[in-house]
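> Protein chains in written order, with the working numbering: chain A, 1 to 126; chain B, 1 to 126.
Quick caveat, the hints were computed from the structure, so don't treat them as lab data. Please note that a few of the clues may not be correct.
Note: identical chains are not told apart, hence a pair may lie in one copy or across any two.
Using 25 Å as the maximum straight-line C-alpha spacing, the simulated BS3-like pairs for lysine-lysine come out as follows [what the hints assert, rightly or not]: (1) Lys125 with Lys69; (2) Lys8 with Lys53; (3) Lys44 with Lys125; (4) Lys103 with Lys69; (5) Lys103 with Lys53; (6) Lys103 with Lys125; (7) Lys8 with Lys125; (8) Lys53 with Lys125.
2 protein chains.
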Amino acid sequence: MITPDFEKTGGLVPVVTQDAATGEVLMLAYINREAWETTLASGKATYYSRSRKQLWVKGESSGNVQIIKEIRIDCDNDTLLFRVEQIGGAACHRGYRSCFFTKVEADGTGRITQERVFDPAEVYKK
Amino acid sequence: MITPDFEKTGGLVPVVTQDAATGEVLMLAYINREAWETTLASGKATYYSRSRKQLWVKGESSGNVQIIKEIRIDCDNDTLLFRVEQIGGAACHRGYRSCFFTKVEADGTGRITQERVFDPAEVYKK
């Protein structure tokens, strides 16, 4: 059994999440042991929210869940790669396909290079 | 000017490094402010080694440098994506194309899914 090295970095291990079909990098998030076990058992990407300090089933609010297609672990056993099917076509809470929707130009300025897939104000209604 | 939020996480920001041509995720590493500025100025991926506690020009020992093709920053301004040309065809110090050469199977075991590009014992000679 492979277990990520949760001890090394205080209980949290970073996860790179990639669209399995297109190869696009969607986001970076963190897991603790419970999130890891929940992901394996449910087949849906489950992270640990550092701001809310709780388990975070990705897409629980927005419906944009991530179905696990493949999991990879790195050579140091302290970083994971989730290759997923992104339901709803958008991983970012700001409504973009990927959280990396901003390109850093050569002059150091940022430029948004994607169109919004959804309107966050509509999706995260109170 | 975009500057990653180095304050948020104690001076270090994670970087996902992706092969710009194939989309393969190669590795995850960290940068501090100096590594960020060096990367921008040199056009070569430069990280901060947490174990050696020093600036780390990727490929300085092995020759496998990473030429920056595009830089993206995430919605929280605290994670970067370097899209690179991987010189030598291998990012991993263990001789593999990607550090994520191990697939986690459904039964939780790990399986190496890539062939070595180089022999680390030959490349990192004393």
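> When the structure is checked against the list of hints, which entries are broken? Sort them ascending.
Hints 1, 5, 6, 7 not satisfied by this model.
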